[in-house]
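Here are the chains, one letter per residue:
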Amino acid sequence: EPEVTQTPSHQVTQMGQEVILRCVPISNHLYFYWYRQILGQKVEFLVSFYNNEISEKSEIFDDQFSVERPDGSNFTLKIRSTKLEDSAMYFCASSGGRGQNQPQHFGDGTRLSIL
Amino acid sequence: GESVGLHLPTLSVQEGDNSIINCAYSNSASDYFIWYKQESGKGPQFIIDIRSNMDKRQGQRVTVLLNKTVKHLSLQIAATQPGDSAVYFCAENRPSGGSYIPTFGRGTSLIVHP
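Chain order of the listed sequences is S and R.
The first sequence stops at residue 115 when you use our numbering, and every number in between is there.
The second sequence stops at residue 114 when you use our numbering, and every number in between is there.
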């Protein structure tokens, strides 16, 4: 069964540094998402992406965050100047259709640790 | 305010029993709901979904019930197995400006005792 893959599985970064989290969505999917899950808390929506532009974003997704689909297979989340509170699991997801009536398929996440 | 929440943070059951996990939502405009299972160290895994024009949907060993009157949905797992131990999240697609924002509840940890 096709799956969403994320790399790296664990990223350790110094505060203030830039970090790029990478995702390869399911190949025939058109909608892409990033979520964050702080340890022990719920999964929080960050951003959705379709047709090479952001569809929706939450209040968490401020100017330090950006997303990009640099080629036909990768989908990246960049955090420009990391803060301690950015430490969390970051999940990428993709779906074949736009949100409604389309469940999302999640990767296994990247654990981001900011020191 | 708009929220998706869970009644119980932890549910312990014996293997073979049926499990019921509950979820409340407050946005009456939401019309699509999903249950996800998250095992330790993994991403959320889709279990079952339901649209608001239905009140019940069944899958393999799982049933989702939707009560729009009281804005409540539940996930029933029949003959619970140790492999069902995980955190279960309900999620709604909350309408937003012509699109949808997926909103997750906090999760219920299901512990199955052999």
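These are computed hints drawn from the structure, not numbers from a lab.
Careful, some of the hints might be misleading.
No farther apart than 27 Å at their CA atoms in a straight line, the calculated lysine-lysine pairs in the DSSO-like style are these [what the hints assert, rightly or not]:
1) S:Lys57 with S:Lys83
2) S:Lys57 with R:Lys56
3) R:Lys37 with S:Lys57
4) S:Lys57 with S:Lys42
5) R:Lys56 with S:Lys83
6) R:Lys71 with S:Lys83
7) R:Lys68 with S:Lys83
8) R:Lys56 with R:Lys68
9) R:Lys71 with S:Lys78
Rough simulated footprint, nothing fancy, chain S against chain R, three-plus residues with beta-carbon under 8 Å [as the list claims (entries may be wrong)]:
10) 11 to 25
11) 64 to 74
Glycine included, C-beta positions come from ideal geometry on N, C-alpha and C.
Results for each hint:
no. : hint                 : verdict
1   : S:Lys57 with S:Lys83 : holds, 19 Å
2   : S:Lys57 with R:Lys56 : violated, 31 Å
3   : R:Lys37 with S:Lys57 : holds, 24 Å
4   : S:Lys57 with S:Lys42 : holds, 17 Å
5   : R:Lys56 with S:Lys83 : violated, 44 Å
6   : R:Lys71 with S:Lys83 : violated, 38 Å
7   : R:Lys68 with S:Lys83 : violated, 41 Å
8   : R:Lys56 with R:Lys68 : holds, 11 Å
9   : R:Lys71 with S:Lys78 : violated, 37 Å
10  : 11 to 25             : violated (count 0)
11  : 64 to 74             : violated (count 0)
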